[in-house]
Amino acid sequence: MIPANFTYHRAHSVQDAIALAESLGEEAKYMSGGHSLLPMMKLRFATPEHIIDISKIEGLSFIKEEGDLLKIGGLTTQSEMEHSKLIREKYPIFSDAIKLTADPSVRNVGTMGGNIAHGDAANDQPALMLAMRATIVAEGPEGRKTIPIDAFFHGFYMTALEPADVLVEIHVPKAKKRSGGAYYKMERKVGDYATAGVAVYLELDDSGTCREIGIGLTNVSAVPMRVDRAEDLLRGKKITQDLMDQAGAMAAEDCEPTSDLRGSEAYKRSLVHTLTKRMLNKALERAGQ
Amino acid sequence: MKHEITLKINGQSVSAEVDSRLLLVHFIREHLSMTGTHIGCDTSNCGACTVLLDGKSIKSCTYLAVRADGAEITTIEGLAAEGTNHPIQQGFHDQHGLHCGFCTPGMIMRSVELLKNNPNPTEEEIRWGISGNLCRCTGYNNIVKAIQQAAGEMQKEKQTAV
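First to last, the protein sequences are chains A and B. Taking the numbering used here, the leading residue of the first sequence gets 1, the next gets one more, and so forth. Taking the numbering used here, the leading residue of the second sequence gets 290, the next gets one more, and so forth.
Hints are not guaranteed to be accurate.
Listed next, the in silico DSSO-like pairs over lysine-lysine satisfying Cα-Cα at most 27 Å (straight line) [unchecked claim]:
#1 Lys447(B) <-> Lys405(B)
#2 Lys291(B) <-> Lys85(A)
#3 Lys42(A) <-> Lys345(B)
#4 Lys345(B) <-> Lys90(A)
#5 Lys90(A) <-> Lys64(A)
#6 Lys189(A) <-> Lys447(B)
#7 Lys64(A) <-> Lys345(B)
Chain A is nowhere near these chain B residues, computed Cβ spacing over 12 Å in every case [said to hold, decoys possible]:
#8 Asn334
#9 Ser346
#10 Ala369
#11 Cys389
#12 Gly418
#13 Asn422
#14 Gly428
#15 Glu442
#16 Met443
#17 Glu446
By construction, these hints were calculated from the structure, which means they are not laboratory data. Ideal Cβ placement from N, Cα and C applies to all residues, glycine included.
Could you put the whole structure together from the sequences, leaning on the hints where they help?
Rendered as structure tokens:
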């Protein structure tokens, strides 16, 4: 399959990319790894007239702790995350997710920024970002802007990014002594999109009480979703098995799955219930509870 | 629109004019007439088109040729040195790691990077490592054995070299 005709442009810097996007107008699309966009173009689901390749821009591929934050460059590949010692040792929630995302060759090309900017609730990173309450940093014609994750996902393939905005950095909280996160998705076969997936991130205080919590879901709604009700239930409490079960029930009730080849609506709700409990347990264990 | 690209493929420098939408796998097969790299699913699932780009395995059906400008590419044709099989090729031969052979070039190219990153993988790590390469004949067991044999041989080679 060959994509419809388009014109390729290579951006050498973020400013260069923004200038190209502004001059080429609405029919231009940025490509980072291209492992979501190019398959869509081959199937003619997407027919942009111009592709602006941002993958060769230098300086947007990094993983570093700074102040209270873990900062991930937008062009960091999923493989770079997978092989990072820092991520493996201190941020296992990313290792959980990346192992289950596509396969090693796709992860060599697919980027963290692209996985989020694509705005697809079937991708894995959005749920992690919601759970960790990430901040997305973008550069656009008016300069740099920071977008809280709760204001980022607008709809099916729609985000807060304007057409000329480049996602340059992802900020999540730096791992603390008593923080932990976990992610799992059920898939029909290795590397498939999630039948349902759940990301949990939490922070405990010295007494083991849950100080902060985030729960994000994969592929059970049109827009990546957070389960506020379950978070509110657990925040400020010592998390017991009974509370976890209640939180799982709330997540199963609040999500909006549709029946498809991956499973019925009822099955997906049941998965969300079970996975929420399991991920809460795992996150607590990692937080040293 | 045409673009001038220059890249290295199996050690040889190649320059060409390519369309924006030309996929790397078509460039390799049709422009360079190197047909060892296969097209299977054409949707980045099956891995038959796997090649190495700057040492990393990629699916060449989901990569624009123009993006490979300046890159170093290795295909199955570039693996064997001077008529001797690469240890991974030898492993597939000895362990019957193929049946129809369609997935084999991609499977081998993927294994090259797998063993580079992890010279002594467990069986589980091998199975995760080749999870993006589908084989419809073998049931994978002999492929895993082939990669295990190659890992052993390559470790020995390394020790003799030292």
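Structure-inconsistent hints, enumerated in ascending order: The structure breaks hints 2, 6, 8, 9, 12 and 13; every other hint is satisfied.
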